[in-house]
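Novice: Chain by chain, the residues run as shown.
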Amino acid sequence: MLPTPDTSHINPLTTYEPSEDSYLVLDTLTSDASFLHSRFPASSPTPLILELGTGSGIISAFISSNPIALFGRKDLHLLGTDANPLACAATQKTLSLTPGPKYFLGAVTADLFSPVRKGLVDVLVFNPPYVPTPEVPRLQGEEDESSWDEESRLLALTYAGGEDGMEVTRRVLEGMGDVLSKRGIAYILLCRSNRPEIVVEELREKGWTCEKVGGSGKRGGIEKLEIWRIWKE
Amino acid sequence: MKVLTTNYITCAVKACKSSSAAFPLHFKDAELVQEELELNSDFIRNVLPRIEWPALVTTAVELGFTTLPSTKPAPEQLDEKMLQDLHTLLVETQVTEGKLVCGNCGHEYNIHQGIANFLLPNHLGINLPTPFV
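Protein chains in written order, with UniProt numbering: chain R, 1 to 233; chain G, 1 to 133.
For the record, the hints were derived by calculation from the structure and aren't laboratory data.
Take every hint as true, because none was put in to throw you off.
Below 30 Å or equal to it, Euclidean Cα-Cα: the simulated BS3-like pairs (lysine-lysine) are: (1) R:Lys206 to G:Lys14; (2) G:Lys14 to R:Lys182; (3) R:Lys102 to G:Lys81; (4) R:Lys206 to G:Lys17; (5) R:Lys206 to R:Lys232; (6) R:Lys182 to R:Lys102; (7) G:Lys14 to R:Lys232; (8) R:Lys212 to R:Lys182; (9) R:Lys182 to G:Lys72; (10) R:Lys118 to G:Lys14; (11) G:Lys99 to R:Lys93; (12) R:Lys74 to G:Lys72; (13) G:Lys99 to R:Lys118; (14) R:Lys232 to R:Lys118; (15) G:Lys28 to R:Lys102; (16) R:Lys102 to G:Lys72; (17) R:Lys118 to R:Lys206; (18) R:Lys232 to G:Lys17; (19) G:Lys28 to G:Lys81; (20) R:Lys212 to R:Lys232; (21) R:Lys232 to R:Lys182; (22) R:Lys74 to R:Lys102; (23) R:Lys206 to R:Lys218; (24) G:Lys72 to G:Lys99; (25) R:Lys182 to R:Lys74; (26) G:Lys81 to R:Lys74; (27) G:Lys99 to R:Lys102; (28) R:Lys118 to R:Lys74; (29) R:Lys118 to R:Lys102; (30) G:Lys28 to R:Lys118; (31) G:Lys17 to R:Lys182; (32) R:Lys118 to G:Lys17; (33) R:Lys212 to R:Lys118; (34) G:Lys17 to G:Lys99; (35) G:Lys28 to R:Lys93; (36) R:Lys74 to R:Lys232; (37) R:Lys118 to R:Lys182; (38) R:Lys118 to G:Lys72; (39) R:Lys118 to R:Lys93; (40) G:Lys28 to G:Lys99.
Please model the complete structure; the sequences and the hints are all you need to start from.
Specialist: Structural data, given as structure tokens:
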């Protein structure tokens, strides 16, 4: 069992507090280590990991502090983005508190991967806002936004996924072909209401290989959360 | 943020993506801090193949590091001094304040407390979801 990073310093009013979904990502990456080992052999260039929507930073910190267990090599480097600058600050703090190699490049405030250059990302990790909601909040408030409105908006950004809870994830699935490297893979979390079977079918039609590598919350044979590994053979 | 970040990012404005002037973004008024960290020569050796060298040299000069050779060192040229220089620049140096400026559109991205902000003003229009076709 690999240690879980300390995120007790975060403010849960403005930054997503690690929950069942976050821990599922950690467990899934751990159980998928043999795939990562063979995909990124130690003789190959240093893998670049990009986490979208880092929130507390627990996932990036976990990867960053366990390079040998997860990848079988000491050299990894990671970049994180989050639309919420407070979450970026929380991420940087979590990373600085976590023991282990210091190859976290930084958390940048951004809309998903909008500033990331094409074809560089080897591992994309995304625990998205997946809850179906009437709309997705704006990434930035109006100039006269009250602090109360700002807090509610930032919190909504952590979970509000719009139609089918898929509006944000869809933008990632649509754009990831550009940001992933030739050996790149993506780990994407989907919930039941995202209708993962349809999402995966659409991805396969576009030439992606998809494998379910994690799941939790089984009820009547149906899992509440699933993690899919998506890549090109 | 570490200096190497600028080797992996470009302007967030869609129209700049295809412009060579948008990469690398240029530092302005950058404030740096150094953190002494143990040298991992595996990291330097394995990260080197993926670095866009001319862009790194540009970035390094803007930050006052003028010792990088103008062409990427071959693996056998990585002596102790070269490894240490690269370690200092890539691993130990953090940019805490300043701006990153796009050479194409001129947009300035603020860096505050080590966090660069790439959210564009609403009129530059990134908040519209891309349709999933």
